[in-house]
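Chemist: Anchor point for the sequence shown: position 195 equals 195 in the working numbering, and the numbering is continuous, going up by one each time.
Read the hints as simulated data drawn from the structure, not as lab findings. These numbers were taken from a predicted model, which means no experiment stands behind them. Since no wrong hints were added, every one of them can be taken at face value.
As a list, the in silico BS3-like pairs of lysine-lysine whose alpha-carbon atoms are at most 30 Å apart: (1) K421 to K352; (2) K368 to K380; (3) K174 to K124; (4) K269 to K252; (5) K269 to K293; (6) K70 to K227; (7) K227 to K257; (8) K227 to K254; (9) K613 to K629; (10) K368 to K352; (11) K79 to K337; (12) K79 to K174; (13) K257 to K270; (14) K573 to K645; (15) K616 to K629; (16) K616 to K605; (17) K254 to K270; (18) K573 to K337; (19) K254 to K269; (20) K227 to K174; (21) K174 to K205; (22) K70 to K174; (23) K227 to K205; (24) K380 to K352; (25) K629 to K645; (26) K293 to K257; (27) K80 to K337; (28) K70 to K80.
Derived DEER-like restraints, expressed as beta-carbon distance ranges: (29) A414 to S55: 42 to 52 Å; (30) P415 to I268: 42 to 52 Å; (31) N534 to P415: 45 to 55 Å; (32) E328 to E589: 22 to 32 Å; (33) K337 to Q75: 21 to 31 Å.
C-beta atoms are modelled at their ideal positions from N, C-alpha and C, and glycine is treated no differently.
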Amino acid sequence: MINIDHISKIYNARYLFNDISFNVSTRDRIGVIGNNGAGKTTLFEIISGNISPDSGNVSMHRGVTIGYLKQDVSQIYQKKLLDEVVSISTNINYLSRKIQILQEELAEEKDEQNTVLLLRELGKLQTEFETIGGFNAEQDAKVILSGLGFAESDFNRQITELSGGWRTRVELAKLLYLNPDLLILDEPTNHLDLETIRWFENYLKGFQGAVMVTSHDRAFLNNIVSKIIAIETDEVVFFNGDYNEYILAREKDKEVKQAMADRQELRIKKETRFIERFRYKKTKARQVQSRIKRLEKIEKVVVPRSTRKISFSFPDPPRSGRIVITLERISKAYGEKPVYKNLNLQLLSGDKVALVGPNGAGKTTLLKILAGVLPFEEGKRILGHNVSTSYFAQYYIDLLNPQNTIIDEIRQVAPDDPEQKLRSVLGAFLFSGEDVFKKVSVLSGGEKTRVALARMLTRPANFLLLDEPTNHLDIPSREILSDALEAYNGTMCLITHDRTLIREVANKIIDIRGGKIQVYPGSYDVYLYTIEQNKGIEDDVISTAGLSDSIAFRESAKARQQRKALEGDLRNKYYREITPVRDRLAWTETEITRLSQQLKEVEEKLANPDSYKDGKQAFETGREYRVVKDRIDNLTAEWENLTDKIETLAQQYEQEKSGLE
1 MINIDHISKI YNARYLFNDI SFNVSTRDRI GVIGNNGAGK TTLFEIISGN
51 ISPDSGNVSM HRGVTIGYLK QDVSQIYQKK LLDEVVSIST NINYLSRKIQ
101 ILQEELAEEK DEQNTVLLLR ELGKLQTEFE TIGGFNAEQD AKVILSGLGF
151 AESDFNRQIT ELSGGWRTRV ELAKLLYLNP DLLILDEPTN HLDLETIRWF
201 ENYLKGFQGA VMVTSHDRAF LNNIVSKIIA IETDEVVFFN GDYNEYILAR
251 EKDKEVKQAM ADRQELRIKK ETRFIERFRY KKTKARQVQS RIKRLEKIEK
301 VVVPRSTRKI SFSFPDPPRS GRIVITLERI SKAYGEKPVY KNLNLQLLSG
351 DKVALVGPNG AGKTTLLKIL AGVLPFEEGK RILGHNVSTS YFAQYYIDLL
401 NPQNTIIDEI RQVAPDDPEQ KLRSVLGAFL FSGEDVFKKV SVLSGGEKTR
451 VALARMLTRP ANFLLLDEPT NHLDIPSREI LSDALEAYNG TMCLITHDRT
501 LIREVANKII DIRGGKIQVY PGSYDVYLYT IEQNKGIEDD VISTAGLSDS
551 IAFRESAKAR QQRKALEGDL RNKYYREITP VRDRLAWTET EITRLSQQLK
601 EVEEKLANPD SYKDGKQAFE TGREYRVVKD RIDNLTAEWE NLTDKIETLA
651 QQYEQEKSGL E
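Whenever a hint applies, use it, and build me the whole structure from the sequences.
Modeler: Structure representation (structure tokens):
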């Protein structure tokens, strides 16, 4: 379909890529990966025809159409949302206008013979119009807009009223509606929430054209692509498989090349020693020259530069109490628009919580309330014992001093640490060598984010709150952040659209929608399984049915959503009641184990005849035995009561839950 033939591109006297060739076939799913600045967007611009390569060319079959989603949307909009999407199809608009003109002519035509000719022409146009989907145009556009998170009430809104992120969704909707032969997508998930990303993935799986995409969302790449083009520092690598398969193959290839390079280095050293030893010996001159020529012909094995993270242990935060924060009957509104009413939530030490839900549901509002940076109208925010908070939002990077060097910024939070330790911290965030002396003013958005996160984790609080920490971060940087947060020993609450980060870090999910929260203990995949069981096939209905079916589904789902809200309240009540009982049970079991060991030691003393030589000591040993034995008996009785209580609470919860069905 499209042939990329020996293209090269130079930027700042450096090859972004040199003499690369590949084809894009009809159903290809190609992921283009590489560090920020590697040349991914440049490659897309060349294929889409916006810029020319320095050498080589791009050719395509006649009639092939390309839809290109850029990261930054700069278009000026004059139309309403639905009209803007439908207007992207020039064929439909052209035929629609011609049909309208013919209908107007028919209304005024008096001659019967001319009327017959006009009707015949109108029939042809209407058939062609139907063939290209003209009669379903608005319907199709509405289905796509609904899948991308727009409400029906948005369809007639002026696009100028929408934020930048929603305008990017408009551009994506236009491309999906256009249905080109090749979709080129530059970071398409940047402004999509988790639910919309899942819908978009399902859409692309059924898309009949080809897709080329670059994304820092590892889960998205693994779910969509079947080929990888990796733009590395010294080469462009082509691989058949998804992102994870490429990484595994790359690591294996690197190990093989490293072994080859090591063997080659030994051979070169051996040959060099022979040459140096016998260089001036006439009887060995021929052999020396032969080996020199052999060395010159050796093609050095180049081991790919590793992007593996530098291992570094960040300091542990100070310990907090078991209860980290409690929100009691919180109510929050923006003007006349309520966000939360009578919200209750409690986070415990060691919780690593991901807030999920559609855009606009109130995730950032809740995070700010937890962080103590946003006031609320009613309720209480209660911090636990010895809790210290640290809040990261995108504006945090703007607080970095542009005149400071990177190492100066870290030194501000750790003034007493030696420079080598500060360099180790920065090395863990991919700042090495002379890079640490770069000024903040010359850093990219991703580099500033890495500096800000390094500052935060150098002297960590015991309660971290992170709002989209992966913004501007490429995949290696996201892997570093995942490692750092996974090893972090405090309590954490974060918002992110990076499902891989959630999977690697979170042990509790809080789903937010309609002013209600539902707490799901466990991993992100457990959460997904639970909501799939609860919601049935909502995603499939929205992605495959017409809009009328989608709206009907949503209307029929209102009762179910209300029931789910009640179930969420019931579940939260259950966990509030059962969590302290489980904690007490765990403590009781630990204490019984400890006391049983102590009792065993006392019994060994009592069994030893020598222990009775000292009467006072024998009396104390006997008294210790009775105290420990009584303590074990009491705790065992408490353990039995706690076990019964947990079973009763569980049965009560199941009965109340059944009553809602």
